[in-house]
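A.B. asks: Sequence:
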Amino acid sequence: MAGPKVLVLGGTGPAGICLLRELLHRNHPVVVFARTPSKIPEDLASNPLLEIIQGTLTDLDGLSTAVSTSHTILSFLGPTTTSKFDPTIYSTFYTSLFSLMRQHSVRRIFAMGTLSIPQPKDKFSLLRLFLVFIVRLFANSAYRAILDIARAFEEAGQGVDWTVFRIAGIPGGSDEEAWRKDREEGEVFEGWIGEGGGV
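Counted the way full-length UniProt numbering counts, the sequence shown spans residues 1 to 199.
Hint data in this document are derived by calculation from the structure and do not stem from the laboratory.
A quick note: this is a predicted structure, and the numbers were derived from the prediction, not measured.
Label-pair restraints from in silico Cβ distances: (1) K123 / P37: 37 to 45 Å; (2) N27 / F124: 42 to 50 Å; (3) Q158 / D59: 22 to 30 Å; (4) L60 / E155: 13 to 21 Å; (5) G191 / T56: 32 to 40 Å; (6) E195 / T58: 35 to 43 Å; (7) E195 / F133: 16 to 24 Å; (8) Q103 / L126: 41 to 49 Å; (9) T88 / F133: 21 to 29 Å.
Idealized CB from N, CA, C, for every residue including glycine.
Given the sequences, and given the hints that come with them, work out the whole structure.
C.D. replies: Structure follows, in structure tokens:
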């Protein structure tokens, strides 16, 4: 049975920390599953609405505990462009996560993707072609990992209500002042690549 919390994955990077700030600002009870909890600022870690479970992508027991407390999952997990790794690690993780979601009756997940994931409704974008070319050339493991993530959702996400949102980048800082400024002044584009305002 689904629990009362929002589970955050990838919550120790700048974007993940901003997500934690926003959820706690809105008084949502949150559980974060993190390899390095010390990266979470003390002003967030001490919030009574936040539970922290330490674990890695292969720690399925810890992940199961985190999933069992939640009703929705928000994931900013993804590869960096500066390190070499097995590009299947994230798709393998998500496939295991889907199984745990079904086990604990958690149906909703939002997960981060990038412009490297094509969609039929996208329009032509020279900027997108250039950005994807650069990533494929200089960060091929990251490029392959993102495509594997998309494939995992398409092929293994049956019975799960999922959304993979694609980003070009997330500017700004993660400290409280930067977060407050960005949430008031920041602009968000929602739509297909190549539409007005979309890359």
